[in-house]
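Participant: Sequence:
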Amino acid sequence: MQHIDPASLEHLPTRVQYLRDFINFSADDAAALHAAKPYVTPLVPVVVDAVYEKLLSFDITANAFVPRQPGYTGETPTKVQDLTQDHPQIKFRKDFLAAYLRKVVTMDYSLDSSWEYLDKVGLMHTGVPGFAHRSKKPGLRVEFVHCNILLGYVEDILVNAVATHPDLDLDTKVAVIRAVNKLLWIQTDLFARHYLKESDNSGLSIANIAKPSALLAAGGIFAIGVVMLKFLVPQLSR
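Under our numbering, the first residue of the sequence shown is numbered 188, with each subsequent residue one higher.
Hints should not be assumed to be uniformly reliable.
[Stated by the list, open to error] DEER-style ranges, computed between Cβ atoms:
{"no.": "1", "residue 1": "201", "residue 2": "221", "range": "21 to 27 Å"}
{"no.": "2", "residue 1": "241", "residue 2": "265", "range": "19 to 25 Å"}
{"no.": "3", "residue 1": "241", "residue 2": "269", "range": "16 to 22 Å"}
{"no.": "4", "residue 1": "347", "residue 2": "192", "range": "35 to 41 Å"}
[Said to hold, decoys possible] Lysine-lysine pairs mimicking BS3-like chemistry, simulated, CA-CA at most 27 Å apart:
{"no.": "5", "residue 1": "241", "residue 2": "266"}
{"no.": "6", "residue 1": "278", "residue 2": "224"}
{"no.": "7", "residue 1": "369", "residue 2": "241"}
These aren't lab readings, by the way, just hints derived from the structure by calculation.
Quick caveat: nothing in here was measured; it's all calculated off a predicted structure.
Idealized CB from N, CA, C, for every residue including glycine.
Build out the structure end to end from the sequences listed, making use of the hints.
Facilitator: Below is the structure:
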């Protein structure tokens, strides 16, 4: 039995190694993500548009894009009804998401700096500047419930895109889908660690996890299972 000191999980490299070991995110998973680059990269604009169409379809998520965004210097909306896919501030945010999606299929996952980037993506959504070049700029907090379900939505889009891609064989589809699933669960933790309070050295206090977030996480697990079964069962029965 491998011993994990709970206090050591505050150290990012140790935490990431534990997460990787637990979910079995290996060099093979990294290779699968890199192999998916020629197929995923052309889909990035479509994925980004779909994500922002979803975000702008609820006032509770759209409201986050009304204030001036960190690092943005252009025209800002005066009310949530001003927001569209083509608004300059939304285009600014879409560029960030596009860059993130491209990094997912190109990063060197053997480097600490890659995981530091993913951790800062989580941190910056808490309102604390995550990147050095934004350290003196105002932050913008997005509550975890929205970040959590958005990651689930992004995963659903990516899983569907890979599962239905006509140029990928079954083994490649399975490898890429599993790698995406593992990576985004690690990414979810790298969001959650900046939002959820530690009760003591034994780990997270369940009382500190909002019920909606817990329900959404459970729903995400169920949805992923449904997608996988819907796709894989017919394929395996051939």
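Participant: Does the structure break any of the earlier hints, and which numbers would those be?
Facilitator: No numbers; nothing is violated.
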